[in-house]
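Modelling step: build the complete structure from the supplied sequences, incorporating the hints.
Chains as they are written, first to last, in this note's numbering: chain A, 1 to 429; chain B, 1 to 271.
FYI, nobody ran anything at the bench for these hints, they're computed from the structure. Note that CB positions come from ideal geometry on N, CA and C, so glycine has one too.
Label pairs and their calculated CB-CB ranges: (1) B:C130 x A:D243: 40 to 46 Å; (2) A:R177 x B:T118: 57 to 63 Å; (3) B:T47 x A:S218: 55 to 61 Å; (4) B:G97 x A:S218: 47 to 53 Å; (5) B:T42 x A:E58: 45 to 51 Å; (6) B:I179 x A:K337: 58 to 64 Å; (7) A:E296 x B:G34: 25 to 31 Å; (8) A:S168 x B:G97: 51 to 57 Å; (9) B:D214 x A:E256: 50 to 56 Å.
Over the 10 Å line for every Cβ pair with chain B, so calculated as not near, a few chain A residues: (10) M153; (11) R208; (12) K272.
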Amino acid sequence: MEYETSRVIPTQSVPYSRSRQAGESQDMLDHIVDDFQDNPESMKYFYDLFRQVYCHGEEVKHDGMLVGTTCIQAPEELIYAFGATPMRLCNGSYHYDQKGADFMPAKSCSLVKATLGMLNSDNVIPKVGKPDLIVNPTTCDQKKKSSVMMEGMGYSVYDLEFPNVKESEASRVYWQRSVRQFAARLRELTGNKLTRKNLQAAMAKTGRAQAAFRKLHSFRIKSPSLILGKDAFLVTNAYFFDDIDRWTKAVEKLNEELAQRDRSGFKAVQSKAPRVLFTGSPPIFPNLKLPLLIEEAGGVVVADETCSANRMLYDMTAVDEWMVNDMVDSLADKYLKPCTCPVFTRNDDRRRRLLDLVSSFNADGVVYQSFAGCQVYEMEYRSVAEEFNKAGIPMLFVETDYSVDDKGQLSTRIEAFLESLKNRKKQRA
Amino acid sequence: MKYFAGIDVGSTAIKVAVVNEAGEISGVHVTPSGSLFHKNSTEALSTLLSKLNLKREDVRYLIATGYGRKLFKEADDSISEITANAIGAFEAGKAFGGVRTIINIGGQDSKAIQIDNTGNVVNFAMNDKCAAGTGRFLDVAARNLDLDLEELGDYHFQGGEAPLNINSTCTVFAESEIIGLLAKGHGKPEIIAGIHYSIASRTVRLAKRVGIEDRVYFDGGPALNKGLVAAIQDELGRELVIPDHPQTTTAFGAAMLARSEFMAEQSLENN
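Here is the structure:
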């Protein structure tokens with residue numbers, strides 16, 4: 001690998017750029033915290049966490065080896081079972097997006113560019129320090145092609161082979177084998193053995209986190225919602241890097257506060273605030289631009305179908321036989337079968353899930369974000385739009401990236417969309 | 001008599017409209033935005049009011065719209081220019097038998113809006129962060145050609161049969177393309193027609209994204225340009241509805257909304 005890449009790709013570390021990304025993170029946090037009244041008390045844990053990690057560069061402690069992941073298709077239960085700690089590397093900083101443009105064509109996805117830009121800097125956030133291994137599932141083309149570049153920067157990278165077709169039995173068998181091979185790589189890395197007990201404990205660990213998330217999710221079904229989408233996104237973003245047990249406790253505490261708010265009749269938003277389902281390219285801190293614009297304009301994001309929140313935490317593992325091989329296969333199934341990522345050939349499941357979310361969360365409309373250059377989301381827009389059109393559900397498609405230059409334009413479009421949702425509601429009433 | 005006003009604080013011009021209780025236009029006023037948004041907005045409103053012999057208190061409800069809508073705190077409320085434009089075009093379009101599709105070209109953006117038969121926005125599209133196909137594009141072109149913006153329309157029809165192709169969609173690149181065409185000895189009319197067709201094809205693409213239904217209403221300052229209107233009609237393959245005051249449709253929509261908001265509040269109080 002060394003031969004060509006070192007000549008083509010700049011491999012030297014980008015000079016100290018912490019202050020730029022820290023400033024960007026600080027600005028976003030100020031908006032999230034100060035522009036809204038009545039933030040839940042228990043959100044302070046998350047506000048402080050982001051301030052410490054993103055603005056002050058403080059390290060989050062971890063156990064064992066650090067395994068970076070570039071996608072939610074990497075089974076984190078396996079990583080925990082081997083005594084290592086997973087850390088999601090997907091980055092949301094515009095500063096690193098610009099830095100990453102050295103590696104990728106100009107018209108490629110902000111998320112991939114920002115992640116590469118961050119990895120090439122002296123500042124691997126969230127946990128300062130170099131991951132011992134990066135696992136890169138072969139999902140979209142841009143992520144696939146970044147393996148070689150990460151290697152060029154000196155990282156040890158594992159390509160986790162992921163199928164393109166979800167429905168076929170061949171894919172399922174292929175993927176189960178791929179997950180077993182990943183387990184073998186983790187064994188080699190950590191020197192530990194995979195045991196039934198360890199895997200069970202790991203599944204229980206993520207299971208508790210997922211249960212806390214599902215509970216949080218349920219408070220958003222309430223009308224009006226008990227928590228704003230900007231806070232919910234921040235909570236799930238923290239899952240990328242926070243100590244999982246500490247995270248679960250913080251979410252449980254937040255849930256208690258929300259239950260209390262519910263009993264006291266508290267309203268997080270006005271009762272007429274249009275309820276929005278958010279789908280498409282994932283909002284990742286500090287790029288919470290679009291969800292924040294929606295809520296600053298008086299709407300509320302009540303649910304999402306993105307890989308930085310709902311898709312990452314909603315679906316649980318279903319184990320038939322508690323034997324280690326069966327458990328690994330069940331785990332593989334969990335990462336393939338419910339996945340609604342647009343990398344697959346067909347997206348019937350994604351469309352079904354979106355319709356289901358609209359009805360169960362009583363959403364008035366849908367905002368579909370696609371990062372410019374994120375081809376799979378751009379291409380899937382058409383079939384999703386047709387589905388919503390048939391169902392009579394309004395949708396706003398927004399192509400954007402990590403920069404802030406389109407904020408003015410976007411706020412006008414979002415306000416107009418929310419106004420049209422309000423009018424529709426009025427007319428129906 | 002009670003009056004209601006809408007003020008559209010745009011990037012290039014400030015537009016004010018006043019309507020009476022019956023929803024009839026009492027008067028409109030257009031002035032350049034300049035750099036002092038707030039001062040110019042206040043002045044625009046008072047200029048129109050004094051022209052109409054009205055006092056500020058006669059205006060019972062004022063709604064601001066346009067890019068500067070949030071800055072004009074004197075307004076009772078603000079609304080996005082897309083909704084305001086839809087209301088204005090729906091109301092003004094009644095005289096033409098009703099409209100369902102709106103094309104708007106403004107100083108820094110262009111939009112296509114589809115409305116239902118009650119005037120609600122069903123779908124809309126806006127140009128992305130770029131001045132291609134907007135009023136600014138015409139502005140830059142006119143300056144390159146040493147012409148006033150108002151002259152472009154007449155020049156459009158003075159050329160031969162075929163307008164030139166302007167290939168650049170970027171305003172800055174188009175500027176150098178225009179200079180290149182002038183250097184090659186091409187005449188102003190054929191260049192201007194080319195510019196109009198370039199904007200027209202972009203605009204029609206945008207309109208097709210939202211779906212073209214029924215009559216198409218064209219507003220915004222550039223709708224005053226007859227050459228551009230002809231080019232869009234050619235590209236669209238149908239006639240456009242051009243209102244008497246294309247530049248103030250959005251301000252008129254805001255005024256009509258102010259009127260209905262006032263009436264809704266009144267009826268609440270009376271009950």
